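Q: Here's the letter readout for the chains.
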Amino acid sequence: MDTAVLIQSGLTAPILVPLIGALLAFVIRRWASPIGLLSVAALLGAVILQVPELIADGPQRLAVGGWGAPLGVDLYADGLSIAMLLMTAVVGLGISLYAAACFRGTPARGQAFWPLWLLLLTALNALFLSADIFNLYVTLEILGLSAVALTAIVGGADALVGAMRYLLVSLLGSLAYLLGVALLYHAYGTVDIALLAERIDAEPAAWAAMGLMSAGLMLKTALFPLHFWLPPAHASAAAPVSAALSALVVKGSFYLLVRFWVELFGEIAGGVATLLGLLGAAAILWGSIQALVQTRLKLLIAYSTVAQIGYLFLAFPLAVGSGIMAWSGVLYLALSHALAKAAMFLVAGNLLRFGGHDRIADLDRVVQRLPLSMAAFALAGVSIMGLPPSGGFVGKWLLLESALTQGRWGWAIVIILGGVLAATYVFKVVGYAFTQSENPHQAQPVPATMEWVAFALAVAAVLMGLIVSQPLALFEIGNPFRIRTELAAP
Amino acid sequence: MTPAVFYALTGLGLFVLGLHALIVHAHLLRKILAFNVMGSGVFLVLAGLAGRTPSGIPDPVPHAMVITGIVVAVAATALALSLMLRVAGATGSARLPDETER
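So the sequences go chain by chain: P and S. For what it's worth, this note's numbering labels the leading residue of the first sequence as 1, then goes sequentially. For what it's worth, this note's numbering labels the leading residue of the second sequence as 1, then goes sequentially.
Heads up, a few of these hints could be off.
Listed next, the stretches of chain S that the computed footprint assigns to chain P, with coverage defined by at least 3 CB atoms under 8 Å from CB atoms of chain P [unchecked claim]:
1. 20-26
2. 29-38
3. 48-61
4. 64-71
5. 88-98
Some but not every residue of chain P turned toward chain S, in silico, with C-beta under 10 Å [what the hints assert, rightly or not]:
6. Leu16
7. Glu141
8. Gly156
9. Leu179
10. Leu183
11. His186
Worth flagging that the hints you see were computed from the coordinates, not collected in a lab. All values reported here derive from a predicted model rather than from experimental measurement. Heads up, the beta-carbon is just placed ideally off N, CA and C, and yes, glycines get one too.
All chains, please: the whole structure from these sequences, using the hints.
A: Following this line, the structure appears as structure tokens:
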């Protein structure tokens, strides 16, 4: 395959566009911000162009360099990958617009931000498109290293210590994953997911690999009780970085867990699905309670991420009996959480810029002074709580329905209880925003772009509740969840 | 025990040894070194098991993986070391705050 074919295939664009942007932004520092904005806008265009092609022709596979499986590096896109790419590009564009305004006063920080941010997008897109488990290891490492460096760019003891802990966790997760890859390659002689799926068997090597890879990815996804590193890292980073970490980065490793579960481990796992669900349920309760007792807004939002990640893991036990409904629900939840959580962290950044602090109790009548930001927080809160109409509602509804049709009341109670707790911590913030504080403070102006971006993302999270059928149809292209429809046939 | 299995078991041993050091040592330099020991363990597993082919000719693919892994490990170590220096500069100690007592 020559270079022309490689470029003609739209599958490489989501990886090449931000990668070239990252290199240019690194070399031409003065223009880093316009280069970054242009690259992310081009990325969104490239991903949107893929959608009609995917709907018309079904899943796409590209053997990069013409080698093909089992040795070559294959790219593969189905409805699940495209949904994740779209989420990354949309939220990425919002975060980029916000960052351009946010770093205008501190150009040195902006110049450090853009190359790393574009590299992070490159790694995420490559992760969603890769079809072999070793290439995925490389994307996981690029993702982890760029995320850690982004956390550290604000400087200061909190951010640096948070970044260091994040790096240690990320490297540990990657090494466990790589050891799993080594075992799978040795046992089955390939790293291509599709070929592995044909060959994998319930035997010790596969179980050991499943344990190592799942543990590594759970650590990176911050599933309870492996979540300890997330709140300090996400809460101490700069606002656009916090938004990117909570909205996008944790979804990368979760996506891999779903893929591996459906393709490789689901059949051989036995009771592990219930264990993952129980950890998810514990994360919902623990994360929500921790969010409630936080006094700082960014930590509250970070613990809310821990809780919402818990929801994503409820799909593993529920999918055993109801298949597509649980998976679609949890994907819907992941996409709308990305929009809503990005909006929340950006609002927190606005409040921090406005008042110079993010102590919840001292939020001084910000409703009158930053009405757009508080509206964004409330709308994002609607989606996080799961109230209709919002993307969060659709996701939780599908999960609830799949629990109830199977008569599994325990899971249903956890889903509802998590929503009630989320409502409590969202209203705690909104309540303080209306009241006059005992320590009134000097207010700094907040650029309009920063307010409008947060508002637009929050509105998008609510709109996800109104356009339900198209995303659900998109998820099913290429049957990523391996729902067997031929069961009725002999 | 064939040499390949011997290498693989040694690699697993290094991995566990590194994991232990990572957990018990508080100093960040020791933690970073622990990662390098764990990484070497994984590479030894890959390289060792590559010798277990029916034909007896070692499989070249794991070697390519090890080279990629080494590149990643070098980059990660460089980032970790520079971050450690920044942490030490900002907090006055190359240990994470809640682990200083050890």
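Q: Are the hints correct? Go through all of them and say.
A: Hint by hint, here is what the structure shows:
no., hint, verdict
1, 20-26, "violated (count 1)"
2, 29-38, "holds (count 3)"
3, 48-61, "holds (count 3)"
4, 64-71, "holds (count 3)"
5, 88-98, "holds (count 4)"
6, Leu16, "violated (20 Å)"
7, Glu141, "holds (5 Å)"
8, Gly156, "holds (7 Å)"
9, Leu179, "holds (5 Å)"
10, Leu183, "holds (8 Å)"
11, His186, "holds (4 Å)"
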